[in-house]
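Protein chains: 2
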Amino acid sequence: MNERLSDRPNGDAALAIICGAGSLPFALADAAASRGRRVVLFALRGWADPKRVAAYPHHWTWMGQFGRFMRIAESEGCRDVAFIGTVTRPSLWNIRPDLRVMRLMPQLVRLYRGGDDHLQSGIGRLIEQHGFRLLGPKDIAPELTMPAGPLGSRTPAERDQADIRRGLALLNATSPFDIGQAVVVAENQVLAVEGPEGTDAALARVAELRRNGRIRSLMGTGVLIKAAKLGQDHRIDLPTIGPQTVEGAAAAGLAGIAVVAGTTMIAEPERIASAADRAKLFVVGVDSGQPAVP
Amino acid sequence: MNERLSDRPNGDAALAIICGAGSLPFALADAAASRGRRVVLFALRGWADPKRVAAYPHHWTWMGQFGRFMRIAESEGCRDVAFIGTVTRPSLWNIRPDLRVMRLMPQLVRLYRGGDDHLQSGIGRLIEQHGFRLLGPKDIAPELTMPAGPLGSRTPAERDQADIRRGLALLNATSPFDIGQAVVVAENQVLAVEGPEGTDAALARVAELRRNGRIRSLMGTGVLIKAAKLGQDHRIDLPTIGPQTVEGAAAAGLAGIAVVAGTTMIAEPERIASAADRAKLFVVGVDSGQPAVP
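So the protein lines, in turn, are chains P and V. With our numbering applied, the first sequence covers 1 to 294. With our numbering applied, the second sequence covers 295 to 588.
Hints in this document: simulated from the structure, not taken from any laboratory. Any given hint could turn out to be false.
[To be verified] Pairwise CB distance ranges (calculated):
(1) N506(V) <-> Q244(P): 28 to 38 Å
(2) N172(P) <-> G371(V): 30 to 40 Å
(3) N172(P) <-> D581(V): 42 to 52 Å
(4) Q244(P) <-> L512(V): 28 to 38 Å
(5) L524(V) <-> E158(P): 47 to 57 Å
(6) P176(P) <-> E502(V): 41 to 51 Å
(7) R339(V) <-> P147(P): 43 to 53 Å
(8) M219(P) <-> R505(V): 50 to 60 Å
(9) S582(V) <-> K51(P): 50 to 60 Å
(10) E564(V) <-> A157(P): 52 to 62 Å
[To be verified] One side of the interface only, derived from the structure: several residues of chain P facing chain V at Cβ under 10 Å:
(11) L134
(12) L135
(13) P196
[Said to hold, decoys possible] What the simulated footprint calls covered on chain P by chain V, stretch by stretch (three residues with Cβ under 8 Å from a Cβ of chain V suffice, anywhere in the stretch; the number is not a length):
(14) 54–61
(15) 156–165
(16) 178–191
Just so it is clear, the structure is predicted and the values come from calculations on it, not from any experiment. By construction, the Cβ of each residue, glycine as well, lies at the ideal position given by its N, Cα and C atoms.
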């Protein structure tokens, strides 16, 4: 462990991709490979999709096997590390700590007391302390982040832009409390603030409130607004949308989705655009905390 | 309509109580009657409990029958009006506007665009514009509001007090956005921010997150924190807890409930205290925005 991996020359370094759920890990692997990089997937058991993982050089790992990860990553010649894909905050029971992690326990327990951010940026620091370089998906493949402006053919109306502004201001206010990264606002009324249940569940809640007549605004009004938390480490856990987010927003009777351009990951942009057009929703990349564009 | 009811002498004025759901309307009616006041209930169809309403002088009314309310309240000699009991934000389809309300429509539509607060304080202004005096439950029966300190035998531990402080700070930050009046915080992690679904549903969500292993803290940790919104009209729609809140908090695996003393209504304090002791939860009245007492 004394030789720092970062002292090695960069040219032959492979990229270790620690993979959670969804299709983003594979989009990132493909994007890195297309740039001539060798990639090695570290697939998290219970999260990464086994069928798709099989198509890449890979190692299966439990959450918490940090010693094992470092050993294999070193022998594979990995210097850079990226985290990508959905991993909800793990229950302590789902973590299989190895010896290295046991030694780090006091540090990890401190990280664990607090919101997601705290935990995740701590994991980032830990990785770098052990001689790896942590890269964000954006550093590797900027095309995986949301561009400014609409995906698909619809754009937010003036009423929607007011909801987007209110949503961004609310996310700004809750950011220090390290909650979720999404809110739903319809005609100025806040319909949901995402907690640990995640965006899909928050949208399902709005759909249920509509069914129960607890929302005054009509179907086809309201916006899902997502933004990274202030000070969040953009290399880990950026907010993400995919085609299923569009379907959830449609089921919740919303007018569209607004995410902060450049700091939101998008899985399968073409499928998002076609799902949005089919559902008659807008999906737009906006400036953070600024009046909604375009 | 030209004679202002507020010009009448106060002595013979009856109290009109507009009743939503739950037991609080009857507690308020009893408290007013025990002070020698004549009370007339205006029971909201779909909300007020018909069995209990029958025991008092009453008139059934639909939401929105403001002209009818004023006519009957005048003929009953009511000068003071109180709103009490649960009424979730009504769907427009559940309102039966009468002629008076139709004339006020442009004003009401403006009120309707915005959160609950906006709507409710607007209704308060409307009532006063028509010559009534709007009283808060606290003006009539201070014993129906939460006292400082614990109900029941348990008190918050130091860890719980930290969660209470964080919850109050979060409610303070979201208050300008006119969202809910409750949050759940466990070991510094925010587990839920209440939206239009209400406190009981937010607690049920936390219970489900626990069942799904999405919450890291152990059973018996975490606090439901409730506070009136800043600038909220304390005469209308104060946050409320009752025995079912204690049951919901217990099912969510929390350590207790903290509400702001003096501005939270309590239905059946003895039943709350015994439910809390049975479930081994604390229920405590705290200072708003201040370190948790006692």
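Count the residues of the region 178–191 of chain P with a beta-carbon closer than 8 Å to any beta-carbon of chain V: does the count reach three?
With 7 residues closer than 8 Å to chain V, the region 178–191 of chain P meets the three-residue bar; holds.
For N172(P) and D581(V), compare the CB-CB distance with the range 42 to 52 Å and indicate the outcome.
With a Cβ separation near 27 Å, N172(P) and D581(V) fall outside 42 to 52 Å, so the hint is violated.
Is 43 to 53 Å a correct range for the gap between the Cβ atoms of R339(V) and P147(P)?
This hint holds: roughly 52 Å between Cβ atoms.
Against the range 41 to 51 Å, how does the distance between the Cβ atoms of P176(P) and E502(V) compare: consistent or not?
violated, 26 Å
Hint says 28 to 38 Å; check whether the CB-CB distance for Q244(P) and L512(V) agrees.
holds, 32 Å
Confirm or reject the claim that S582(V) and K51(P) have a C-beta distance inside 50 to 60 Å.
54 Å Cβ-Cβ, so the 50 to 60 Å window holds.
Take the C-beta atom of N506(V) and the C-beta atom of Q244(P), compute their distance, and say whether it sits inside 28 to 38 Å.
Roughly 18 Å apart at Cβ, these two residues miss the hinted range, so it is violated.
Supplied distance hint 47 to 57 Å, evaluated on CB atoms of L524(V) and E158(P)
The hinted range 47 to 57 Å is violated for L524(V) and E158(P), with Cβ atoms some 29 Å apart.
The hint names L134(P) as touching chain V; please verify it with the least Cβ-Cβ distance against 10 Å.
violated, 23 Å
Look at the Cβ atoms of E564(V) and A157(P) and judge whether their distance stays inside 52 to 62 Å.
holds, 53 Å
A closest beta-carbon separation below 10 Å is what the hint needs, so does L135(P) meet it against chain V?
Because about 27 Å separates L135(P) from the closest Cβ in chain V, which is outside the 10 Å limit, the hint is violated.
Should the hint that N172(P) and G371(V) are 30 to 40 Å apart at their CB atoms be regarded as holding?
violated, 51 Å
Checked against the numbered hints listed earlier, the structure breaks hints 1, 2, 3, 5, 6, 8, 11, 12, 14, 15; every other hint is satisfied.
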